[in-house]
Structure formats: C-alpha cells, structure tokens
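Participant: Those protein sequences? They're chains A and B, same order as listed. For the first sequence, the residue numbers in our numbering are 7 to 120. For the second sequence, the residue numbers in our numbering are 36 to 150.
Keep in mind that the hints were calculated from the coordinates and are not lab data. There may be inaccurate statements among the hints.
Claimed, not checked - Footprint (simulated), chain A over chain B, 3 or more residues, beta carbon under 8 Å:
# : segment
1 : 68 to 80
2 : 90 to 100
Claimed, not checked - Ranges of calculated distance between the beta carbons of each label pair, as one might list FRET restraints:
#  : chain 1 : residue 1 : chain 2 : residue 2 : range
3  : B       : Lys104    : A       : Gly22     : 44 to 52 Å
4  : B       : Ser65     : A       : Ser11     : 31 to 39 Å
5  : B       : Gln45     : A       : Lys13     : 41 to 49 Å
6  : B       : Asp43     : A       : Ile18     : 12 to 20 Å
7  : A       : Asp70     : B       : His117    : 40 to 48 Å
8  : A       : Gly66     : B       : Val64     : 37 to 45 Å
9  : A       : Arg21     : B       : Asn96     : 15 to 23 Å
10 : A       : Ser87     : B       : Thr147    : 15 to 23 Å
11 : B       : Phe49     : A       : Thr26     : 20 to 28 Å
12 : A       : Asp17     : B       : Ser65     : 23 to 31 Å
13 : B       : Pro150    : A       : Pro77     : 33 to 41 Å
14 : A       : Thr26     : B       : Ala52     : 20 to 28 Å
15 : A       : Ser87     : B       : Gln77     : 41 to 49 Å
Predicted model only: the values in this text are computed from it and were never measured. Every residue gets a Cβ at the ideal spot worked out from N, C-alpha and C, and that includes glycine.
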Amino acid sequence: SAVISQKPSRDICQRGTSLTIQCQVDSQVTMMFWYRQQPGQSLTLIATANQGSEATYESGFVIDKFPISRPNLTFSTLTVSNMSPEDSSIYLCSVVGDSSYEQYFGPGTRLTVT
Amino acid sequence: AQSVTQLDSQVPVFEEAPVELRCNYSSSVSVYLFWYVQYPNQGLQLLLKYLSGSTLVKGINGFEAEFNKSQTSFHLRKPSVHISDTAEYFCAVSGWETSGSRLTFGEGTQLTVNP
Chain A
7 SAVISQKPSR DICQRGTSLT IQCQVDSQVT MMFWYRQQPG QSLTLIATAN
57 QGSEATYESG FVIDKFPISR PNLTFSTLTV SNMSPEDSSI YLCSVVGDSS
107 YEQYFGPGTR LTVT
Chain B
36 AQSVTQLDSQ VPVFEEAPVE LRCNYSSSVS VYLFWYVQYP NQGLQLLLKY
86 LSGSTLVKGI NGFEAEFNKS QTSFHLRKPS VHISDTAEYF CAVSGWETSG
136 SRLTFGEGTQ LTVNP
C-alpha cells in the first residue's frame, strides 16, 4: 500500500480566506481523489484528480470553490476558497491501489472555519 | 446508481464479546466491497476487501466479512473484540458502473467496546 501524507494536519481559518491542502504520496499513482467528511458524517467525494488533465468534480462541488492541482504523479493540492463555517470538515486525499479498486487514504486535514 | 446502507449507526459491546456490523448494498452490476476503519483523529485504514473469489474474506486485526450476493450484504464480524477496536467503521462499494475506482460509502457505524 502507498504511504500518504497531508499538510497541514489541522488548521483554524477565518471566514472569507482560502486554505491549500497538500497531499504527497511515496509512489507514482495515476488516480487521486479528494473527499470531505463533515462532522459526524460519512465521506463525500469532491473530485478525481488525474495527472495531466483537469480534475473531475462531483455534483455539488465546483472548481471555483475547490480548485485542484495535480502537477505530477506523486502530489496534489486542494484549495478551499472563500471559506465559510459550513466548510469546517476533514478533507482527505486517497490513491488507488494496485488492484485499481481499493483506495488508500491520507490522515486527513481537519479544518475549522470561524 | 450504487448505494450502501449500514444498518446500525452505533454498536456498543463488551470486551471479548463477538460483534457484527451490518452492511447492505444496491447495485445493478458486479461490485467490489470494502470495509474501512477510522480511529479517532485519524484517516481511514482498509480492513478488508472483496473483489472476487471466496465469499468469506479475512482482514486485519481479526476481522472477517462475508459477501452474500443473494442478500446483497457484506457484514463485518469479529469473534472477540478488544477495547482498541473502538472506532468508526465504514462499508464502501465500487463497481463497473462507476468507472471502477469510484467509492460510495455508507454512513458509518460507531463501534464502542466497553470494559
């Protein structure tokens, strides 16, 4: 399985600002995913990020709010723009394993917006 | 579209007791099923997976799950739980109709193991 790290691990931000979350993988992977986990809830897929192409966003998520970069096969960033308290969540990145069906997750970034 | 239903939001048990966390799914095509565990303040860890073959799947930490196609279920079991098993457990499904890798998660089951 891949080893995934995320930065920052947690942050407290003010309303109206933006935060960029980094996801680093210890091996080259084709597909990376970004998820949101709101307090006490399950995971919701934000977007799929493939290297060399635009990210694919799920219904309810837009590029202006959650811009994603994928500059190479080991790194991706997710920006949460113009934040509001409703954006307070855990944001997790994941990568696809060797079987192409299992996913491995980073430790998450815990975001609180005040 | 695929969906996953975890039938219990909270399961309290005593240490060394057996436990079953229930998961049902709906899909019109072949599926791949997963159980993940999330310990407090941590990310998700893959417990076990069913891709094909034997319907009884063994995972880490003594957990196992059984794929039942006729009942569209993938229940997670452990014969004797420990305090350290206290965590949130998520059932997830992916399949051909969602481009293979896209996971759909259930709402989660909080397992609390009491001494």
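Participant: So, for every hint listed, does it hold in this structure?
Facilitator: Going down the list of hints, with the structure as the test:
Coverage of the segment 68 to 80 of chain B by chain A holds in this model, with 7 residues showing a Cβ closer than 8 Å to a Cβ of that chain against a need of three. Check result for the segment 90 to 100 of chain B against chain A: violated, 0 residues qualifying (beta carbon to beta carbon below 8 Å, three or more required). Evaluation of the 44 to 52 Å hint for Lys104(B) and Gly22(A) yields a pass: the beta carbon distance comes to about 50 Å. Roughly 34 Å separates the CB atoms of Ser65(B) and Ser11(A), a value that falls within the hinted 31 to 39 Å.
At about 33 Å, the CB distance of Gln45(B) to Lys13(A) disagrees with the hint of 41 to 49 Å. For the pair Asp43(B) and Ile18(A), the beta carbons lie near 33 Å from each other, so the given range of 12 to 20 Å is not met. Taking 40 to 48 Å as the suggested C-beta distance range, the pair Asp70(A) and His117(B) conforms, at roughly 47 Å. In this structure the supplied range 37 to 45 Å is violated for Gly66(A) paired with Val64(B), their Cβ-Cβ distance being about 24 Å.
As the Cβ distance of Arg21(A) to Asn96(B) is approximately 41 Å, the hint placing it in 15 to 23 Å is violated. The hint said 15 to 23 Å for the Cβ distance between Ser87(A) and Thr147(B), and at roughly 37 Å that hint is violated. The beta-carbon spacing between Phe49(B) and Thr26(A), approximately 45 Å, falls outside the hinted interval of 20 to 28 Å. The beta-carbon spacing between Asp17(A) and Ser65(B), approximately 41 Å, falls outside the hinted interval of 23 to 31 Å.
Range check, Pro150(B) to Pro77(A): about 49 Å between beta-carbon atoms, so the 33 to 41 Å window is missed. A beta carbon spacing of about 45 Å between Thr26(A) and Ala52(B) contradicts the range 20 to 28 Å that was offered as a hint. One distance hint, 41 to 49 Å for the beta-carbon pair Ser87(A) and Gln77(B), is violated here, with the actual separation near 27 Å.
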